[in-house]
Amino acid sequence: MIDEVYDEYVKRIMEYGAKSEKVRIALSRAIKAFEDNRRNALGMFPHSIEVAKEVRKIKEYSIQHMDELIKKACESIERNHGHCYYAKTKEEALKIFKELVGSGKLIVKSKSLASEEIHLREFLEEQGNEVYETDLGEFIVQLMGTRPTHILAPAINVPREDVAKVLSKFMKEKGIITEDLDGQDIPRMVETVRRFLRNKYFEADIGINGANALAADTGTMFIIENEGNARLSIGAPPVQIAIVGVEKIVPTIEDAFKVTEVTWRYANYTVPAYVNLVSGPSKTGDIEKVITYGAHGPKELHVILLDNGRTEMRDAGYEEALYCLRCGTCLYECSIYSVTAGFFGQQYMGGIGAIWDAFTTVGLEKASPVAYTCVRCGKCKTMCPLNIDIPGMISKLRNDARKQGYVPKVVRDFAKEIEEYAKE
Amino acid sequence: MRILLHGWDTSPRLGVPEICEASVSILNKMGHEYVPHKSKAICAEAIGFLGYDNLVDDLAKKMVKDMEEAVAKEEVDMILTSYAAPYAAWSKEVNGFLYKRGYELPVPIEHMSTFLYKNLDKLKFKELPMRILLHDGCTLGRKYGVVKEPREVLARIPKLEVLNFDHPELYVKERNLNPWDISACPGGWLDFTMPELMPYVASNVVREYAMPRNVDAIVATCGNGYHAFKAGIKHSNFDIKAYSYTNLIDMALEGVQ
Ligand code: SF4
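Line by line, the protein sequences are chains A and B. With this note's numbering applied, the first sequence covers 1 to 424. With this note's numbering applied, the second sequence covers 425 to 681.
FYI, nobody ran anything at the bench for these hints, they're computed from the structure. Honestly, I wouldn't trust all of these hints.
For lysine-lysine, the following DSSO-like pairs were computed, each having C-alpha atoms within a straight-line distance of at most 30 Å [to be verified]:
1) B/Lys486 x A/Lys396
2) B/Lys658 x A/Lys396
3) A/Lys57 x B/Lys524
4) A/Lys423 x B/Lys524
5) A/Lys416 x B/Lys548
6) B/Lys572 x B/Lys665
7) A/Lys403 x B/Lys548
8) B/Lys548 x A/Lys169
9) A/Lys22 x B/Lys665
10) A/Lys416 x B/Lys524
11) A/Lys403 x B/Lys572
12) A/Lys416 x B/Lys453
13) A/Lys53 x B/Lys548
14) B/Lys453 x B/Lys548
15) B/Lys497 x A/Lys423
16) A/Lys396 x B/Lys453
17) A/Lys32 x B/Lys665
18) B/Lys485 x A/Lys423
19) B/Lys658 x A/Lys32
20) A/Lys416 x B/Lys572
21) A/Lys403 x B/Lys485
22) B/Lys486 x A/Lys409
23) B/Lys489 x A/Lys19
24) A/Lys53 x A/Lys72
25) A/Lys423 x B/Lys658
26) A/Lys22 x B/Lys524
27) A/Lys32 x B/Lys572
28) B/Lys453 x A/Lys423
29) A/Lys72 x A/Lys90
30) A/Lys403 x B/Lys453
31) A/Lys409 x B/Lys658
32) B/Lys548 x B/Lys524
33) B/Lys665 x A/Lys416
34) B/Lys658 x A/Lys19
With the rest of the complex left out, here is chain A (with noise of 0.2 Å):
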C-alpha cells in the first residue's frame, strides 16, 4: 500500500511541481518578492527579531497547557455573549457546522486553513449551501477546483495569465464582464472579483472566518490580512462562525498581540492593511444603557475550537510543530518547494506539513512520501522566527512511519543493504 501511496504521490510532485515551467516561473517570481519585502519589514522593525524569541515561550507554555487554555478561552467567549464548541475530530466539527449552518444559505468564507483541514466549503456545499471564498487567491483555487499551494498565498503557482483565463470565463458567465480580461491586466482582474463579491458580504446568511491567534483571558481572536475580505466576511451577515485550530490559543490578548505580529513581519509584511480583533457579537448599549446584540454586525458569534490530532500531535512529541505561526517563511525558504510548490505535501505543505498531515489530515502514511521529499537541510529551522526543529521532527516522522511500515521501497531496499552489512 505505501507502495502505491508513494507512486501516485511521485507522479503528482513531479507532473504538476518539477516539471512544470509555470509552477518554477510563478514562484521565483514571488520568491523574489518575498524575500524583498520581508528584508523590508524586519529591517525597518527589527525588534520583531527580538519579539519571535519570546513568542517561542509562549508557544512554548500555550501548548504545554493547551487543556487548560481551551477551557479558559471558552469561557471568555462565553461571557462576551459567544457561543463556544470544542471539536475533539473533524466530525465533531463538521456536525456543529451542519447544526449550526443547515442549507441553502449564501457563505461568505475568509481564508482559515483550518477550514481547509476539515474541507469545510466543499462539506457547506453538499449541504446545498452557496459558499464563496472571498481571499482572492482562494478565490482563484475555488474557481480552478484545485487545491491551495502555499499557507499565505494558495495561487502562488498560477501565472497571471491563467488567472485572467479562469477569471473571465466565470465572470463573464455571471455577467459582471463582457470581454475576456488582459493576462497582464492584475488591477482590473482584482476590480472584477471585488465587483462580484461585493454584494455577496451584505446578501450572505453567515460569515466564516479562522483566526491567527485567540487570547484565553478575553477571548479575543486577531484576524491577520490585507484584501479586507476578511473583516467585511467577519462583519457584514448576520452570523459569525469561526473556525480556530486550539493550538492559535495563548493565554493573554498581550500574547496574541505578539505573537501576531511576528507573523505578520516574518510573513513580509511591515504591516498588514487590517488586524481584526473580535471578541463577541456586535452589540450597543446607546439607548438607556440596554445592551443590545447585532447592532451593525453579526448578531451572533459562534467560535469552534478544533482539536483534530493536535493532542495527539502534541502528546507524540512533534510539540514544536503546534508553534507553527503559518507565517509561510520556511516554504519560501526551501529549495524543494521552490520547484514543487505545494505539490510537496498533501493537504499542508512542505517539512512542516508533513507533521501536520500524519496528525490532522491524511495520517501517517499518505504523510510518509512528503516526508521522505525534504531533504533535511535545516534552512527552514535556521529562517523559521521561532526556529521550529523541522529536520528533526522529519527524522522522527520517518521513525515512526517505519514502525508502521511505510517507509517507501527506494529507501527500504537501501536499509536492507545497509542492515546486512551491520549484521556481516
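Based on these hints, arrange chain B with the ligand on the given structure of chain A.
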C-alpha cells in the same frame, strides 16, 4: 601518513568516482600513502534520519570494528572523507553525533577541507583563473559550522575568485545570518528517497543563485551536494561547471613545500 578513505567515499553505491580519484591524487601530491578501502560503510547518523534509528548502533559498532581492522592491518594514521555526513558523525573536534553517542574511530577522521587547512602552510598551488560560487554542505556549514577551513584553503589559490553563497535580499543584519546559513540545498539526499526529483531541485538552485553571478563553476564542500549539482546542470544543459571541493583543490594543487 597512511590514509584511508571513508567507506562512504569509496562505496560503489554512494561514492562518486571522480571524488575518490581526486582524493588519491591530492594525497599523492602531498606525499601521503593512500590505503585502498572497499566498504559499504555509510555514516550511521544518515541511516537514523532516513527512519532507521534501530540500525544506528549496530551500524556504528560494525563500522568501528571494520575501521579498527583496517587500521590495524594497514597501519593507517587517519581517515579522510570529502562528504559532510561521515565527518560530522565521527569527528571528535566537532563533537559529532556518533562520537557524542560514545563511538570513536581508532584514528582521527578529517574532512578534506579540515585536513588541508591543518597543512595550509605546506600547500603549493598553481594559478586557477576561475570565478566560483562556494556552496557549503548543509551539514558541514549550517549545522556544524565548518566554514573557515574550506575558505582559508581556497584563499591560497592564486587567481581563484570565490563568491559566497550570498543572497543579499535575505540579509537583515540583526538576524546575523551567514552565507552558509542561507545557502540553498541542491537536494543531494533525494538520491536516496526520491531520485527523480533531485535534478530539478539542483538545477533550480544553479539557475537562481549561480547563473545570475556569472560564475564559471559551483563548488560544493560535500560530495553529495556536488553529485546533485552535476545532475542539475546536466538536466538543464547549463553552461556552467560543478566541482566537488576535492576536485577543485586537485586542479590547483601542485604539491607541498
Ligand atoms: S514552521 Fe516556522 S517558518 Fe514555517 S510557517 Fe511555521 S513559523 Fe513560519
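Consistency of the hints with the structure:
About 24 Å separates the Cα atoms of B/Lys486 and A/Lys396, which keeps this hinted pair within 30 Å; it holds. The suggested pairing of B/Lys658 with A/Lys396 is violated, with an alpha-carbon distance near 34 Å, which exceeds 30 Å. The hinted pair formed by A/Lys57 and B/Lys524 meets the criterion: a straight-line CA distance of about 28 Å does not exceed 30 Å. Using a Cα cut-off of 30 Å, the hinted pair A/Lys423 and B/Lys524 holds, with the two alpha carbons roughly 23 Å apart.
Annotation: proposed proximity of A/Lys416 to B/Lys548 is violated, straight-line Cα distance about 44 Å (limit 30 Å). With a C-alpha separation of about 24 Å, the suggested pairing of B/Lys572 with B/Lys665 holds against the 30 Å cut-off. Between the alpha carbons of A/Lys403 and B/Lys548 the distance comes to roughly 53 Å, so the proposed pair goes past 30 Å and is violated. Between B/Lys548 and A/Lys169 the alpha-carbon distance is near 69 Å, which puts this suggested pair outside the 30 Å criterion.
Distance hint between A/Lys22 and B/Lys665 is fulfilled; the C-alpha atoms sit about 26 Å from each other, no more than 30 Å. Taking the CA atoms of A/Lys416 and B/Lys524, the gap is about 26 Å. The hint holds against a cut of 30 Å. In summary, the hint linking A/Lys403 to B/Lys572 is not supported, as the alpha carbons are separated by about 40 Å, beyond the 30 Å threshold. Restraint check for A/Lys416 and B/Lys453: not satisfied, since their Cα atoms lie roughly 39 Å apart, outside the 30 Å limit.
Distance restraint check for A/Lys53 and B/Lys548: the Cα-Cα separation of roughly 47 Å exceeds the 30 Å cut-off, and the hinted pair is therefore not satisfied. This hinted pair checks out: B/Lys453 and B/Lys548 have alpha carbons roughly 10 Å apart, not beyond 30 Å. Under the criterion of a C-alpha separation no larger than 30 Å, the hint pairing B/Lys497 with A/Lys423 is consistent with the structure, at around 21 Å. Straight-line distance between C-alpha atoms of A/Lys396 and B/Lys453 comes to about 44 Å, which puts the hinted pair past the 30 Å bound.
Among the hinted pairs, A/Lys32 with B/Lys665 is consistent with the structure: their alpha-carbon atoms are about 25 Å apart, no more than 30 Å. For the proposed pair B/Lys485 and A/Lys423, the alpha carbon gap of about 10 Å is at most 30 Å, so the pair holds. At roughly 25 Å between alpha-carbon atoms, B/Lys658 and A/Lys32 fall within 30 Å of each other, so this suggested pair holds. About 37 Å separates the Cα atoms of A/Lys416 and B/Lys572, which puts this hinted pair outside 30 Å; it is violated.
Simply put, A/Lys403 and B/Lys485 have alpha-carbon atoms about 22 Å apart, close enough for the 30 Å limit, and the pair holds. Of the supplied pair hints, the one linking B/Lys486 and A/Lys409 holds, its CA atoms being roughly 24 Å apart against a limit of 30 Å. Of the supplied pair hints, the one linking B/Lys489 and A/Lys19 is violated, its CA atoms being roughly 45 Å apart against a limit of 30 Å. At roughly 25 Å between alpha-carbon atoms, A/Lys53 and A/Lys72 fall within 30 Å of each other, so this suggested pair holds.
Only pairs whose Cα atoms come within 30 Å are accepted, and A/Lys423 paired with B/Lys658 is rejected, the gap being roughly 38 Å. About 46 Å separates the Cα atoms of A/Lys22 and B/Lys524, which puts this hinted pair outside 30 Å; it is violated. Between A/Lys32 and B/Lys572 the alpha-carbon distance is near 29 Å, which keeps this suggested pair within the 30 Å criterion. For the hint pairing B/Lys453 with A/Lys423, the CA-to-CA distance comes to about 38 Å; that exceeds 30 Å, so the pair is violated.
Of the pairs offered as hints, the one joining A/Lys72 and A/Lys90 holds, with about 22 Å between alpha carbons and a cut-off of 30 Å not exceeded. Straight-line distance between C-alpha atoms of A/Lys403 and B/Lys453 comes to about 49 Å, which puts the hinted pair past the 30 Å bound. For the given pair, A/Lys409 sits about 27 Å from B/Lys658 by alpha-carbon distance, which is consistent with the 30 Å threshold. Simply put, B/Lys548 and B/Lys524 have alpha-carbon atoms about 36 Å apart, too far for the 30 Å limit, and the pair is violated.
Of the pairs offered as hints, the one joining B/Lys665 and A/Lys416 is violated, with about 35 Å between alpha carbons and a cut-off of 30 Å exceeded. Only pairs whose Cα atoms come within 30 Å are accepted, and B/Lys658 paired with A/Lys19 is accepted, the gap being roughly 15 Å.
Of the numbered hints stated above, those contradicted by the structure are hints 2, 5, 7, 8, 11, 12, 13, 16, 20, 23, 25, 26, 28, 30, 32 and 33, listed in ascending order.
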